[in-house]
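Trainee: Spelled out from the first residue to the last, the chains are:
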Amino acid sequence: MSMKIEDKLFLDRFKVAEESHLRIVDGEKCTKECQDQPCLYFCPAYVYRLEGDHISVNYEGCLECGSCRIACPHLNIEWRFPKGGYGVSHRFG
Amino acid sequence: MKEAFDVAIVGAGPAGISAACILADAGVKTIVFERGEYPGSKNMSGGVLYGHDLAQILPDYVERNCPIERNIIESRIWYLSKESGYGIGYRDSIFATTRKHNAFTITRAKFDRWYAEQAHKKGALIVPSTVVVDLLRDEKGCVTGVVTGREQGEVEAKVTLLADGINSPLAARTGFRVEPKPEFVALAVKEILELPSATIEQRFGVSGEDGVTIEILGEITGGMDGVAAIYTNRNSLSLSIGANLADFAASKIKPYELIEAFKQHPMVVPLISGAHPREYIAHWLAEGGYDAMPAVYGDGYLIAGDSAMLFNALHREGNNLAMASGKMAAESIIEALKRGDYSRKGLARYAERLADSYVIKDMKKYRRFGGFLYHNKELFNELPRAASLAAREMLTVNGVGKKEKQKLIVKEFRKQVPLRRLLRLLWHGWRAIR
Chain A
49 MSMKIEDKLF
59 LDRFKVAEES
69 HLRIVDGEKC
79 TKECQDQPCL
89 YFCPAYVYRL
99 EGDHISVNYE
109 GCLECGSCRI
119 ACPHLNIEWR
129 FPKGGYGVSH
139 RFG
Chain B
4 MKEAFDVAIV
14 GAGPAGISAA
24 CILADAGVKT
34 IVFERGEYPG
44 SKNMSGGVLY
54 GHDLAQILPD
64 YVERNCPIER
74 NIIESRIWYL
84 SKESGYGIGY
94 RDSIFATTRK
104 HNAFTITRAK
114 FDRWYAEQAH
124 KKGALIVPST
134 VVVDLLRDEK
144 GCVTGVVTGR
154 EQGEVEAKVT
164 LLADGINSPL
174 AARTGFRVEP
184 KPEFVALAVK
194 EILELPSATI
204 EQRFGVSGED
214 GVTIEILGEI
224 TGGMDGVAAI
234 YTNRNSLSLS
244 IGANLADFAA
254 SKIKPYELIE
264 AFKQHPMVVP
274 LISGAHPREY
284 IAHWLAEGGY
294 DAMPAVYGDG
304 YLIAGDSAML
314 FNALHREGNN
324 LAMASGKMAA
334 ESIIEALKRG
344 DYSRKGLARY
354 AERLADSYVI
364 KDMKKYRRFG
374 GFLYHNKELF
384 NELPRAASLA
394 AREMLTVNGV
404 GKKEKQKLIV
414 KEFRKQVPLR
424 RLLRLLWHGW
434 RAIR
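Protein chains in written order, with this note's numbering: chain A, 49 to 141; chain B, 4 to 437.
In short, the hints are calculated from the structure, not lab data. Treat the numbers as computed from the prediction; the structure is a model and nothing was measured. For every residue, glycine included, the Cβ atom is placed at its ideal position computed from N, Cα and C. Incorrect hints may have been included.
Claimed, not checked - Here are the simulated distance ranges between beta carbons:
no.	chain 1	residue 1	chain 2	residue 2	range
1	B	Lys364	A	Ala65	36 to 46 Å
2	A	Val73	B	Ile436	15 to 25 Å
3	A	Ala65	B	Glu260	21 to 31 Å
4	B	Arg437	A	Glu108	39 to 49 Å
5	B	Lys184	A	Glu67	27 to 37 Å
6	B	Arg434	A	Phe62	25 to 35 Å
7	B	Arg347	A	Arg71	45 to 55 Å
8	B	Thr177	A	Arg71	34 to 44 Å
9	B	Leu398	A	Phe62	24 to 34 Å
10	B	Gly92	A	Arg139	25 to 35 Å
11	B	Glu142	A	His102	52 to 62 Å
Stated by the list, open to error - Derived coverage of chain B by chain A (criterion: at least 3 residues anywhere in the stretch with Cβ under 8 Å from a Cβ of chain A; other residues may be distant):
no.	stretch
12	57-70
13	112-125
14	183-190
15	284-292
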């Protein structure tokens, strides 16, 4: 039985901040200039999802690896650490 | 009101806490900022720690109840194709007796928290739930402290140690380390799989507090430059798999599907069957090697651990390099404080110490290793396939003569990896590790 990403994230403890620490700077770039949209695939938390013609940012489940910040082909993602104490909290690590 | 410290440390991981222990022991007024709810809450490693570097900082770590999971007495290496694989292992009873705790498993949420408590007991101030968002600088550009995300969050310090890990927007923002290129990091995901300790002992052939590590290469990373591992904890297994981030981006392989495929490999299934997943996390590994390292010190600041890209991919060493560099940073800071010189010149002994130690010697020795794996994808595709075919044919008794089988294997091998490629691979491989 293969475990879905949603079920994996359900195992983790998150303290979700009201404000997203991730932001797509220019949404038009994603739809018009980005052919491959690799963030839909490499993000280990499935934060970036194609919804209709735009990419949604589901920051609540972000595992804070930083990959989208440097691997977005257009460097189109603004990335901050969540506010102190917020975001994912490893219980094992 | 600004509060003043001798040393501000960004990050309560192995590098930052090692430095904090040494500094606090010397009576240096030290503050450590941790962005997580508690030290370790944002940290991840495969899960092996080496006793040597920890003992340099806390010789009595065992008596201090260090949260050791299992003492490693056997290291296995697997080379896998999709549905088969080779495995070798080395078990040595010396690792249970006179060289006990040479390597042991940990989980970082427990270990880092414990480690930070030791620094706190020595007198360092640990401040969790606090992000350092910028650095203070004087008119000459010398770092004079940190800016936290809290209100009135400026904290002055004579010296600042950046130990905030491989994923550091701060380092990039302040210009002290350029953002790594995707090919300079590996993205790894990890699951904690819970099993009764008796089941782990039976499946891995160990007893009591002993444990086993398995490092895994081959087709398991979907043709990407990557590695997987299975480590035994007391009543769980640490299962991790990672690959070069540039390979992930190009291949469109999803990390969570990769780890699921890994868990379904016929050599993995019997070890993890019946286990309960307890956590799923992700982190980078610093794969850029020596040539991707930033300048490790400057006016008023130093960089240690993952922040400085200190990682030895071949020998799965990172925590120990963080500890060793944190210790050397602290020793250099103590000297600088005595002289009252926190300039670049005053902190230069740090780079000398690193260069004289195994840390930089190993970084230099393996400077080509990351590139070797990245540029030779046969290692993760054709080679494990051909190697599996060879074993499969030789072990199948079907009335075909061995000479004939040998011919078939050589032919298939040459088809998969032409002789010139193979020789090139061997030559580059040798150069990468010699």
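Trainee: It remains to establish, for every hint, whether it holds in the given structure.
Mentor: We went through each hint and held it up to the structure:
no. : hint                            : verdict
1   : Lys364/B - Ala65/A: 36 to 46 Å  : 43 Å, holds
2   : Val73/A - Ile436/B: 15 to 25 Å  : 42 Å, violated
3   : Ala65/A - Glu260/B: 21 to 31 Å  : 28 Å, holds
4   : Arg437/B - Glu108/A: 39 to 49 Å : 48 Å, holds
5   : Lys184/B - Glu67/A: 27 to 37 Å  : 29 Å, holds
6   : Arg434/B - Phe62/A: 25 to 35 Å  : 45 Å, violated
7   : Arg347/B - Arg71/A: 45 to 55 Å  : 36 Å, violated
8   : Thr177/B - Arg71/A: 34 to 44 Å  : 21 Å, violated
9   : Leu398/B - Phe62/A: 24 to 34 Å  : 49 Å, violated
10  : Gly92/B - Arg139/A: 25 to 35 Å  : 30 Å, holds
11  : Glu142/B - His102/A: 52 to 62 Å : 46 Å, violated
12  : 57-70                           : violated (count 0)
13  : 112-125                         : holds (count 4)
14  : 183-190                         : holds (count 5)
15  : 284-292                         : holds (count 4)
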